[in-house]
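K.L.:
Keeping the supplied structure of chain P fixed, place chains D and G upon it in accordance with the hints.
The lines below spell out each chain.
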Amino acid sequence: MTANQVAFLLVGGLAALGATGVVACGEKPVRSALCLVLNFFLLGVLYFMLGAELLGIIQVMVYAGAIMVLFLFVVMVLALQSQEAPRHKERRWPLAIVGAIALAATVASVIVTFDPSPFSQPVGDGYGKPQAIGAYLFTEYALPFEVASVLLLVGIVGSVLLARRNA
Amino acid sequence: MNVNALIPTVDWRALAPFTIVVCTGIVALIIEMLRPRRNNNLVVGVSLFGLLVAGWSLFGMLGGPSDESFAGMILNDRFGQILQLVMVGSCAVCFLFSEPYLREKRIPFAEFYPLALWSTAGGMLMVSSKHLLMVFLGLELLSISLYCLAGMSRYESKSEESALKYFLLGSFASAFLLMGIAFIYGETASLHLGRISEVLGAASASPLSTIGAAMVLVGLGFKLALVPFHQWTPDVYQGAPTNVTAFMAAVSKVAALGALVRFLWAIGTLDTVWFPLMWWVAVATMTVGNLAALVQNDVKRTLGYSSIAHAGYLLVGVLAAFSAPGRVSLDATAFYLISYAAMTIGAFAVISLTASGQHEGTRFYDVRGLWKRAPWAAGCLVVFLCSLIGIPITSGFFGKLLIFQAAFDAGLPALAVLLAVNSAISTYYYLGIIQAAFVTEEGAVAPRFGKPSASLNLACAVCLAGVLGAGLFAGPLIRGMGTAEVGPPVGVPVQDPLTIHTKNTSD
Amino acid sequence: MTVPNEFSTVWWIVFLPLLGFLFQALLGKRLVETLGAKFGRPAAGAIAVAPIGLAFLLGADLTSKLAQLPEHARAAVSTLGPWMSVQGLQVPFELRVDPLSMTMVLIITGIGALIHLYAIGYMAQERDFPRFFTYLNLFVAAMLVLVLGNNLVLTFVGWEGVGVCSYLLIGFWYRDLANSKAANKAFIVNRVGDVGFALGMFWIVHLLSQNRETLAVTGERWLSYDTILAVSPRLLEMFPTALFWISILLFIGAMGKSAQFPLYVWLPDAMAGPTPVSALIHAATMVTSGVYLLNRMSPWIALSPAAMGIIAIVGAVTALVGAAIAFGQTDIKTVLAYSTVSQLGYMFIACGVGAFWAGMFHVITHAFFKALLFLGSGAVIYAMAHQQDMRHYGNLRRYLPITFATMAVGWAAIVGVPFLFSGFWSKEAVLGAAVNQTHGATGAFGLTAGQLAGWVGFAVAAMTAFYMTRMMLLTFGTSEERWRDAVPDHHAEPVHSHEADADHHDVEDVEGFFFSDAEMERASMLEVHEEHHDLDSHHTPREVPWVMWVPLVLLAVGSLGFVGSWLGGANHRLEAWLTGHAPHEAHGPVAHNLLIGISALAFVSGVGLAFWLYGKKTPVWEGMDDKKWNPLQLFARRQFGIDAILSDGTVRLGGIVGAVCFALDRYVVDGVVNGVGVLARSLGGAVRQPQTGYVRTYATLMQYGAVALVAYVVYRLMTGAPQ
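Residue numbers (this note's numbering), protein chains in the order written: chain P, 3 to 169; chain D, 192 to 698; chain G, 17 to 739.
Looking at chain P on its own, in the form it has when it is part of the complex (with noise of 0.2 Å):
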């Protein structure tokens, strides 16, 4: 086992668990959310570790930063209405672990005996550099960048609709 295969055991291992907390944690907000930046920034290294520096550099900022601190205005202006969440007897989480488990199960025996070696390729050139990025972002790729700026204005429009009441 290599260094980069420990290191990478280790921090995808780590941001798995984030990722449980999220849900696990789900009674306490605050803790939750916590466990989500965990997840977030982790997911940030993996992609250092890949080369990506611009999409860490991105991850980390956009999600552990913009949108976690949003997250956490949430619920402290939820917690501030002292709300207590509507808490149901929860039953089914033994059996979602169960098919959890089973998907992971049924994934993980193949692709552990699993090859890559033949669809390995090089990496082009400038990859994972801001220029390369910015580069297919305008040309190959601008026609999904323009998508996603309608998708975003769809979520303005609908999350204004929704938030408004009975106007």
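Keep in mind the hints are simulated off the structure, nothing from the lab.
Incorrect hints may have been included.
Which residues of chain D face chain G? A few of them, derived with a C-beta cut under 10 Å, are [what the hints assert, rightly or not]:
| id | residue |
| --- | --- |
| 1 | S248 |
| 2 | D426 |
| 3 | G581 |
| 4 | I616 |
Here are the simulated BS3-like pairs of lysine-lysine, each with C-alpha atoms no more than 30 Å apart in a straight line [stated by the list, open to error]:
| id | chain 1 | residue 1 | chain 2 | residue 2 |
| --- | --- | --- | --- | --- |
| 5 | D | K349 | D | K642 |
| 6 | G | K197 | D | K642 |
| 7 | P | K30 | D | K349 |
Which stretches of chain D does chain G cover? Using the computed rule of at least three CB atoms under 8 Å from a CB of chain G, they are [claimed, not checked]:
| id | region |
| --- | --- |
| 8 | 383 to 389 |
| 9 | 397 to 403 |
| 10 | 461 to 467 |
| 11 | 584 to 591 |
| 12 | 602 to 612 |
All values reported here derive from a predicted model rather than from experimental measurement.
Using N, Cα and C, we set each Cβ at its ideal position, and we do this for glycine too.
P.N.:
For chains D and G alone, coordinates are given in the frame of chain P:
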């Protein structure tokens, strides 16, 4: 790095319909902002005009050669054009009866129109791209708009509930879709379906992309409401405002089916793996949808389950086309989609009449005596339901007939028989709706209905013309569509579909 | 096939009723309103009759032209244009002119015109008058498409078209829930048969398209009769099994439409419709379309002895069950409905023994005498203030002489009075062919299935004589006038049921096809209000107006023996006409004269027994008090529970399966976690509540679905590598 080399060819003509629909949405939104609390007639008018222009531009391209542009992100072929036309038309018909419905229900949001337009644009992307990134973006554009629209009726908890349910489950499905795409990318290093199909055709066994394919099928199956990913359908159909339900039932299903066909084409070489899988999914979808519909007592829920069953019929058509490429084309499926859109939207349009001054009941007993208040709409409802049952002369009959024949020809007689049996079972609950709309029991309190507006009657007339016209002119329509081929699966020698066709028509 | 121009007028046979339909639908109501009810309704009625009458004349003209052609060339196809052309299959709009289709056309338009005429009188009090004729004209058009279409798809279009019209007409008085339910039942039971039809049809397409070279199929009109019938001999060599199953599937289709056991259950309920509808659709035309289909496909079906045996046995069982149930019925229309079921059984026996032409012969004679009986019963019902229960009749021959005389002719025809009436001839043809069948599937007691069916048929003939005589005696016989001590009964045919929803008067006027209540009210104000009361001691039955008795007389003339002897007597005209070759004298095990003797015996015993039991007065065990009924007859009256088992059973089973499916769908995950309790609870009633399923439950189910999908592809990968 040489940026100029990366600049893709741009076919503005192929991109025009999508662009027009998106821009119409923006214009509609601006008009809505400038004229707060006025009537929405201008918004509706502009939206309809935009859809008309988009439809016209699509119609102009029909018959032209297929091509790809934007590095394969926009595909311009007949199948995509026809599906886009169906979506544009469906959206327009939904708009026709939306305004009176929204007014009757006191839903003051004219944002419905731009959101529905963008949603349509998303659906159009899904069927006119061979690039998984675009398919995903299109799907999200379609879905996110729909999540918001489903929750548009703010004072009804069932509407909010349906929106939230749809959103959560939809996100869950999207996660599977994205994961599957990632797996496939991991093996083929491409998101372009043509390239993926080449790589998969060359490789011997490809475990990673097989798992990826299964996950993508989960995501698309959710959108198409295939069993076992169908659970959300009746709940969301029931809770969402009826005009949104109609939109959802037609546009979203057409888009998902188009994407599914393109995706299955790309993984055609893996068919020993996915074909039996989808075979069972088709069986389960038809049967569960129909049987569960038998015990419903809400019209919208019943139609929701019925739409699940119809997704199963459509899947039969798709499977037939894939199991006998060259001999059996996607004509039957495309025709069925057209007729399905017309009859479903029509049925929901009539049911939207049960809304009256904030109150809306869609139980069977809430539509009692509908014929009396709205004889034209009720008469149309009978035709739409007859078409859903599959009575001749209506397009529903010919759609089923074509799919039936396709399944038989493709060597899938079991599916054909199940389809026939299921369509016989479905008679029961469709007749239940007809009976409810026409029977008035003695001494019962009459439910209230909205006044049928001219635009609703027009929407019914358009759907009626679609249902009857597609039935009577099935031949010319199918010929006009051309063989709706997406292209032969890789590795299978196939005759040119056009030559097959000219031979048939010259007789 | 070449198209002689002289036959292209066949299209007008279809178009005329269609034009009539359009006129009634678009302008009928306006016409009635403009001219007023008194003149408007007869005018609208006359306009409805005219196209049917013209179509009849056209049909007669074409028939005479056809008869002039040499026997082997009596088939022509007239194509209007292409319709569908998909994946090789071509389905044009094409009509077929040949002896079989023209025979059916003459029955449909001839008897149809008479029944339309009758309906003008019968429905005169009906305010929804144009709507009735709209449906009736549409029905005739659909029925003509059924018999004239030259391919199975067009036949199927007509097949479903008549189904829809029948649905609309049974539920004509739609405001009554019972009628609506009867209409639904008819439609759904028919759909069961339609599945068979559709499957058979596509199997044929499949077979022909896959084996074009070996079967020497020319052209791509795989569903056109000229193609289908031409390949039948080669088909027998190559695909005997497929041939058998296709025959059975088409037969299942025919069973639904022609009310064969066990799919007959819808027909008695269908009597909820107006009586002219019962006469036209549920006796003379639509229910015989199954016989037509078997005749049309006879070159195929005749090649499969096993299928033929099944058809004959099913026909015999139907005849027997129908007759047995008729023993205990008290509703005059229900008796006739079961007798129709029973007679349809005869027609299927004929088809099952290969004497397809005899089946058509019985279709023709039955169309006359059964339409006559139904219209006569309608006249009785009309005279008796819409009371249908025979226990309130008696001695009506004094009051309704014309009705009595004509119905007596119908009775004589159906019970088979030898030589003098048409029914005797066709029944002889059917049963003679059956008991003299020489080759056929093995039945029992050393007889072939066909012979067995034939002997059952003789027993049924005696039973028919009994129950029909019983019906006549209860209605017209004795000197008791039982309605005089009747308690007013509200279960009569609901002519005035549109008053049922009088609480909707606030609904504003809507222009449209249906009458709104306000319009109804206005119409009834303007009308000369006819005295209309329930049955009581002062009721005096009056003879019906001329528009109603003229058709009766004409139909009675058609039921006389000369029709039968001309068609099926020594000259064998009908057999030669339908089969296209001179008939060969059959020499079976049972001599012709002996058969006539047995028939006469059956007739005499049945009629004699009935006169002995019912001649003087109604026996006490058939009075109004159910408790005094003899148990056997009561059992028959309750249809031996067959209907209850089949209909209610199926509906309940469907409900349970649906509920289980729904419950599994909804609770499977909950059920796994929370134990079976939830599942059990959900099955008991809770299912009908609107459910607000938990999103987590759905997500879990999706997750498991995904696991199943992924596990399945992994399994496929592990076991058999693709390619």
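K.L.:
It remains to establish, for every hint, whether it holds in the given structure.
P.N.:
Evaluated hints:
Hint on S248/D is violated. Least Cβ distance to chain G is approximately 28 Å, over the 10 Å limit. With 10 Å as the threshold, the beta carbon of D426/D comes within range of chain G, its nearest partner Cβ sitting at about 6 Å, so the hint holds. For the restraint placing G581/D at the interface with chain G, the shortest Cβ-Cβ distance is roughly 9 Å, inside the 10 Å limit, so the hint holds. Taking 10 Å as the C-beta cut-off, the interface hint given for I616/D holds, the closest approach to chain G being about 7 Å.
Using a Cα cut-off of 30 Å, the hinted pair K349/D and K642/D holds, with the two alpha carbons roughly 24 Å apart. With a CA separation close to 29 Å, the supplied pair K197/G and K642/D stays within the 30 Å bound. Pair hint K30/P plus K349/D holds up; C-alpha atoms about 27 Å apart against a cutoff of 30 Å. For the region 383 to 389 of chain D, the stated coverage by chain G is not satisfied: 0 residues place a CB nearer than 8 Å to a CB of that chain, which falls below the threshold of 3.
Judged by the Cβ-Cβ criterion of 8 Å, the region 397 to 403 of chain D is covered by chain G as claimed, because 3 of its residues qualify and three suffice. With 6 residues bearing a CB less than 8 Å from a CB of chain G, the region 461 to 467 of chain D meets the requirement of three and the coverage assertion stands. Three residues within the 8 Å Cβ limit are the bar, and the region 584 to 591 of chain D against chain G gives 3, so the coverage statement holds. Given a C-beta distance limit of less than 8 Å, the hint that chain G covers the region 602 to 612 of chain D holds, as 5 residues qualify and 3 suffice.
Consistency with the previously given hints fails for numbers 1, 8, ordered from lowest to highest.
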